[in-house]
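Undergrad: Sequence:
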Amino acid sequence: MREVNPGPGQGRGERRRQGSVMLIGIIGRIGAGKSTVAKLLAEHGARVVDADRIAHEVLLEADTRRALLERFGPGLFTGSPTPDAARIDRKTLAGIVFGPTAAHREALADLEAIIHPRVHDRIEDILAGIGGEEQRGGAGQVVVLDVPLLVRGGWLDRCDHLVVLECPDDIRHARIAPRFSAPQIEAREASWNEQSPRIFPTGKTSTVDTSRDPAYTREQIDRLWHELSRRSPS
Numbered sequence: 000m001r002e003v004n005p006g007p008g009q010g011r012g013e014r015r016r017q018g019s020v021m022l023i024g025i026i027g028r029i030g031a032g033k034s035t036v037a038k039l040l041a042e043h044g045a046r047v048v049d050a051d052r053i054a055h056e057v058l059l060e061a062d063t064r065r066a067l068l069e070r071f072g073p074g075l076f077t078g079s080p081t082p083d084a085a086r087i088d089r090k091t092l093a094g095i096v097f098g099p100t101a102a103h104r105e106a107l108a109d110l111e112a113i114i115h116p117r118v119h120d121r122i123e124d125i126l127a128g129i130g131g132e133e134q135r136g137g138a139g140q141v142v143v144l145d146v147p148l149l150v151r152g153g154w155l156d157r158c159d160h161l162v163v164l165e166c167p168d169d170i171r172h173a174r175i176a177p178r179f180s181a182p183q184i185e186a187r188e189a190s191w192n193e194q195s196p197r198i199f200p201t202g203k204t205s206t207v208d209t210s211r212d213p214a215y216t217r218e219q220i221d222r223l224w225h226e227l228s229r230r231s232p233s
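Using numbering that gives the first Met the number 0, the first residue of the sequence shown is number 0, and each one after it goes up by one.
Any given hint could be a false lead.
Computed beta-carbon distance windows for the label pairs [stated by the list, open to error]:
| # | residue 1 | residue 2 | range |
| --- | --- | --- | --- |
| 1 | Glu132 | Glu165 | 29 to 35 Å |
| 2 | Gly74 | Ala101 | 19 to 25 Å |
| 3 | Pro167 | Lys90 | 41 to 47 Å |
| 4 | Glu218 | Asp109 | 41 to 47 Å |
| 5 | Ser19 | Pro167 | 33 to 39 Å |
| 6 | Arg89 | Arg151 | 21 to 27 Å |
Keep in mind that the hints were calculated from the coordinates and are not lab data.
The model shown is predicted, which means the values in this text are computed figures rather than measured ones.
Yeah, the Cβ is synthetic: ideal placement off N, Cα and C, and Gly gets one too.
Produce the complete structure using the sequences and hints provided.
TA: Put into structure tokens, the structure is as follows:
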């Protein structure tokens, strides 16, 4: 684990933590191990905000389903004639939004326009609840944002510390090949290239090498937690 060298002008306008709540953002390409690192931090007592889990919950909400029906049509749903009771066919949805054509890219952008604001609002509600606990005299907390599009969602400057994961492309792709199609991987990589800066804010960024075995990753996270615990107010 090492500190990232900052660039000029980075880190301005940051919202530092309020009271004793420390917000940590995890940044990494698909397959780099964001969820694994989040779980390791949770073992140390951090509270994890998992955007993927929240997105799955959002897909169950009636207003989300109505928006999906309006944009993608009834063929997206199976098991019931009414969208509120039907199941979203994820394979069909993936075929619509992941692919090489302009239509695929437009469909993905429309899907993100439906899902991302709802996920963002849910995360804001969760953070507000945690902040309320702290104001009522709760113990100091570390909150981890496991959010794939951390920068695009406007979370980067909200974080007190960033954990950037480094892992070679071949290792990442080997990990995710059983779960993701080639178009899905390409779309995720493109999103990363569009939204992630090359230099991260000064003084609050660490890198973790996730290319080796789990024990090596755990060792780095243990050291990181120790360092962050020394900085965090009690």
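Undergrad: Which hint numbers does the structure go against, in order from smallest to largest?
TA: 3
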